[in-house]
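> Those protein sequence lines, which keep their order, are chains A and B. Positions 1 to 189 (my numbering) are the ones given, in order, by the first sequence. Positions 1 to 754 (my numbering) are the ones given, in order, by the second sequence.
Source of the hints: derived by calculation from the structure; they are not laboratory data. As the structure is a prediction and not an experimental result, all values here were calculated from the model. Certain hints may be false.
[As the list claims (entries may be wrong)] Here are some of the chain A residues that sit facing chain B, going by a computed Cβ distance under 7 angstroms:
| no. | residue |
| --- | --- |
| 1 | L34 |
| 2 | Y52 |
| 3 | Q157 |
[As the list claims (entries may be wrong)] From chain B, some residues computed to sit far from chain A (all C-beta separations above 10 angstroms):
| no. | residue |
| --- | --- |
| 4 | E220 |
| 5 | R236 |
| 6 | G560 |
[As the list claims (entries may be wrong)] Ranges between beta-carbon positions, derived for each pair:
| no. | chain 1 | residue 1 | chain 2 | residue 2 | range |
| --- | --- | --- | --- | --- | --- |
| 7 | B | Q104 | A | W70 | 30 to 38 angstroms |
| 8 | B | R160 | A | E172 | 32 to 40 angstroms |
| 9 | B | V513 | A | I100 | 54 to 62 angstroms |
| 10 | B | A435 | A | W70 | 42 to 50 angstroms |
| 11 | B | V513 | A | V55 | 46 to 54 angstroms |
| 12 | A | P68 | B | Q601 | 37 to 45 angstroms |
| 13 | A | V55 | B | Q104 | 25 to 33 angstroms |
| 14 | A | E172 | B | R136 | 53 to 61 angstroms |
| 15 | A | I100 | B | P418 | 46 to 54 angstroms |
C-beta atoms are modelled at their ideal positions from N, C-alpha and C, and glycine is treated no differently.
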Amino acid sequence: MTSGGRVKVLLVLWALLPLPAAAQWDAAQLLAALARAVPERIAYSETRRLAYLDVPLTTSGELEFRPPDWLRRSVQGSGESYVIAGDAVRIEGSGGGREIPLDMHPALRAFAESLRATLAGDLPRLQRYFIVELQGSEPAWRLQLRPRDASVASVIQSIELSGDGATLRRIETREAGGDLTVTELKDGR
Amino acid sequence: MKARLPLWLWLALLAVGAFYSLTRVSVVSDMAAFLPRGEGLEQALLLDALREGPAARLIIVALGGTEDTVRLATASRAMADRLRDDTRFLRVANGPSALPAAEQERWFAHRYLLAPLPPEAFTADGLRTEMEARLRELSAPLPPLDKARLPADPQAVFRRVLAAWQEGNTPPLQHGVWFDAAGRQALLLLETRAGGFDLDAQEAARAAIVAAVEAGVSVELSGPGIIAAASRDIIRSEVQWLSALATLALLAILLIAYRSPRLLLLSALPLVAGIVAAVTMTGLVFGSLHGITLAFGITLLGVAIDYPLHLFSHLHGGEAPRHTLRRIWPTLRLGVASSAVGYLAMAASPFAGLAQLAVFTVSGLVAAALTVRWVLPLLLPAAPAMRLLPFAAGGAGRGLWTLPLLLLPALAYLLLTPRSLLETELSALSPVPPAWRALDERLRQAVGAPDVSRLLLLQGRSAEEVLQRSEVLAAALDALRTDGIIGGYRLPSQYLSAATTQSARAAALPDPVPLVAAVETARQGLPFRAGLFEPFLRDVEASRALAPLTPSAVADTVVGTRLSALLRPHGDGWLGLVPLYAVQDEAALLHWTAQAAPAVQYLNLRLAADQMVERFLRGAGGYLLAGVVLILLLLGAGLRDAARLARVVLPVLTALALTAALLHVLGAQLSLFHLVALLLVLGLGIDYGLFFARPVAAEEYARTGHAVTVCAISTASVFGILALSQIPVLHAIGSTVALGVVLSYGFARLVRTT
Chain A
1 MTSGGRVKVL LVLWALLPLP AAAQWDAAQL LAALARAVPE RIAYSETRRL AYLDVPLTTS
61 GELEFRPPDW LRRSVQGSGE SYVIAGDAVR IEGSGGGREI PLDMHPALRA FAESLRATLA
121 GDLPRLQRYF IVELQGSEPA WRLQLRPRDA SVASVIQSIE LSGDGATLRR IETREAGGDL
181 TVTELKDGR
Chain B
1 MKARLPLWLW LALLAVGAFY SLTRVSVVSD MAAFLPRGEG LEQALLLDAL REGPAARLII
61 VALGGTEDTV RLATASRAMA DRLRDDTRFL RVANGPSALP AAEQERWFAH RYLLAPLPPE
121 AFTADGLRTE MEARLRELSA PLPPLDKARL PADPQAVFRR VLAAWQEGNT PPLQHGVWFD
181 AAGRQALLLL ETRAGGFDLD AQEAARAAIV AAVEAGVSVE LSGPGIIAAA SRDIIRSEVQ
241 WLSALATLAL LAILLIAYRS PRLLLLSALP LVAGIVAAVT MTGLVFGSLH GITLAFGITL
301 LGVAIDYPLH LFSHLHGGEA PRHTLRRIWP TLRLGVASSA VGYLAMAASP FAGLAQLAVF
361 TVSGLVAAAL TVRWVLPLLL PAAPAMRLLP FAAGGAGRGL WTLPLLLLPA LAYLLLTPRS
421 LLETELSALS PVPPAWRALD ERLRQAVGAP DVSRLLLLQG RSAEEVLQRS EVLAAALDAL
481 RTDGIIGGYR LPSQYLSAAT TQSARAAALP DPVPLVAAVE TARQGLPFRA GLFEPFLRDV
541 EASRALAPLT PSAVADTVVG TRLSALLRPH GDGWLGLVPL YAVQDEAALL HWTAQAAPAV
601 QYLNLRLAAD QMVERFLRGA GGYLLAGVVL ILLLLGAGLR DAARLARVVL PVLTALALTA
661 ALLHVLGAQL SLFHLVALLL VLGLGIDYGL FFARPVAAEE YARTGHAVTV CAISTASVFG
721 ILALSQIPVL HAIGSTVALG VVLSYGFARL VRTT
């Protein structure tokens, strides 16, 4: 009896254990998990629906991330790559390169950090530029980013990152004026 | 009653003079007015730049005091927001700033008149190239920030307009605002509405800046106006406590020497009369009085404090004061006359400042001497019982030959030293403590504030003509930059094209029909929506009828104010300023300017300013030398005895040479202030020599010793106190006079006859 009672208590405890864990699952945990699991290279494809154009623009390429703050985005076909390192973005193309300080415009900085800070798992940095809201559950989460700064909001309406578990699958960027960019990330491992 | 007549007359004159001085004579404080008057363009510009120019209205602010750069950036933004609402500031910049939205729309509407475009810009091929470029930008990971402009501006013409206005070297950015290179201080650049020499307005601006600083953040600020206002304050407070201290010292010395409060009061009368007479005469002759004349002049009048002391020390019980005076008057008169003659040479100088100073000092000295001669004896007790302290009776009779042993090496040093004797930098005339100048230099470097000391000048009959010439010059300047002769330049036409150029661009814009066809052809095969470029077609058509923008039409814009700094009326015509950055090869540049078309003048403002001061100093030196020769002639005529002449002048000349040499050895370069101080030493030293060289009986001899000793001690103490000041002017004058007086006195005493 005694041992059966113990088993029951243990079972109840086991059953209870995941409950508080689920309640505590939050943006910080998500970002920490993303940072731990981030692959070195991620292939992506992007579709951009713009009000100016009749047809969507599609591109694809590769993201390369080295924690904490080096991110390269190579665009396939054009031969162009964008390296965000430190406080500047370097654009390298066939015609040489040029460097733009991220603080040239607040929207540029916010745009760069939306991906870089996410991959680095740096929630405070992300929250410096965005109001961060987590929706859904661990197997299917959505992280809503809305710019804090009005001048950023005049360019970027919102960015929604979504995925499952420790994998980032999709980025939806809504620009002011209704333009929508959807970036699908493929597992690069 | 008749005997009192001089006293009444004196009082009446003093009252009239004081009234005139206080009500009619205005004191000007403009440094430029003290410098030589020249007609050259250079000089007009230089003086302009010193007074009103945008450079003089600049304030650099550095925020620091915490390691947290995010906090500093926030503080910088908060300060900029507050100061932008403050009408005292024309411009508040703390980072890459977009133009105000309303202004941007105005410029955008004129984009086709403002930017140069290649000839194929409006052909189907040209448009196609631009559209493809826009499409690439749209598909890039970082979307273009000016995406909203695309339908109206598919060629991105407005970007060209903005790029032409881009300032050359701006400070590095952190968190969106300017920081110094080390990343420790956030930087802001402000421009006040008021001129740099409107000191009250500058002080108000400074207060507004300090009030806008967040708690926990420290602020440093600098700028010509800020420095001028702050140095006025520091001079005021220093002069107050220094003069209080000096007055106390003087009172104590005189009280100890004469033990009579009455004599103490009387000793001030000649100086007061001298100052009133000096201000009055200068006002009558020149119409106004320069602040520097006033300050230097009163310093030079310090010799007048000695005149009554000579009288007091020679008083004795058995004699009426007027008899005493009669005994010493010839000597005193010769001293006053020789000083006055020395300054008179300067009155003939073409340098306004020197001439004023001469008139001021001569009239002051004469009035002081006349007060001693005619007024003081009437106010002294009939037969005063003087109790003199027993100092200064002794003395050596030999040693005149020893003086050349000091004089010649000192002169040799002054003539042969490889280090420049004269301080010719304009900044050395400034009363600003060196620490502030260092701060200013550091902040200027941090913000990369353009060094506007080297520039080209363009002249024209109208603003339009200057702008046209400025456009022509661009190609040549580009070539100079490519050749590495200059690092960069800024032309007025980079802010605004000439009206003729704008009209030509408007006239070259295509008719609507061919443009519609070209757009349609260019769009073939590209995904741009049909009708997307309607705004473009409308704007091109509207631009064809636009009137060109003129400098006066854009004067209220940010760009317009920057233009007005480089384009300004001058005489009947207009002047264009072309600042050059990083001039590497001045000789090659001069060679180019000699044959440049359109004609330009090269100007190195700092060099020009220093040359002006040097000319002034050399001129002043020449007149001083002429003054010394006149003094020698006068003394020779008055003394009629070569040996006595040598006894009078050798000590003071030796003292002057030795003082100058010692100051130079200790690291000072002789500035205008040192020269003025040496002039005072000359006047004082001649008095000492004259009195020591009087052939008199032993009892009188002791009195003379007392008189000269009291004079020397009081002067050395007062100026020694002045030497404590941290203000370069006061320190220079104080140390020079104190040293010179001690040496003059010592040498005169060494060679006195017994």
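> If a hint holds in the structure, say so; if it does not, say that too.
Going through the hints against the structure:
1. L34: Interface hint status for L34 (chain A): violated (20 angstroms vs cutoff 7 angstroms).
2. Y52: Y52 (chain A) check passes; min Cβ-Cβ to chain B is 6 angstroms, inside 7 angstroms.
3. Q157: violated, 12 angstroms
4. E220: holds, 23 angstroms
5. R236: holds, 43 angstroms
6. G560: Given that every Cβ of chain A is farther than 10 angstroms from that of G560 (chain B), nearest at about 24 angstroms, it holds.
7. B:Q104 to A:W70: 30 to 38 angstroms: About 35 angstroms separates the Cβ atoms of Q104 (chain B) and W70 (chain A), which means 30 to 38 angstroms holds.
8. B:R160 to A:E172: 32 to 40 angstroms: With a Cβ separation near 34 angstroms, R160 (chain B) and E172 (chain A) satisfy 32 to 40 angstroms, so the hint holds.
9. B:V513 to A:I100: 54 to 62 angstroms: This hint is violated: roughly 40 angstroms between Cβ atoms.
10. B:A435 to A:W70: 42 to 50 angstroms: holds, 43 angstroms
11. B:V513 to A:V55: 46 to 54 angstroms: Check failed, 29 angstroms falls outside 46 to 54 angstroms.
12. A:P68 to B:Q601: 37 to 45 angstroms: Violated, at about 56 angstroms.
13. A:V55 to B:Q104: 25 to 33 angstroms: Holds, at about 32 angstroms.
14. A:E172 to B:R136: 53 to 61 angstroms: Violated: the Cβ-Cβ distance is about 23 angstroms, outside 53 to 61 angstroms.
15. A:I100 to B:P418: 46 to 54 angstroms: Given a distance of about 52 angstroms, which is inside 46 to 54 angstroms, the answer is holds.
Consistency with the previously given hints fails for numbers 1, 3, 9, 11, 12 and 14, ordered from lowest to highest.
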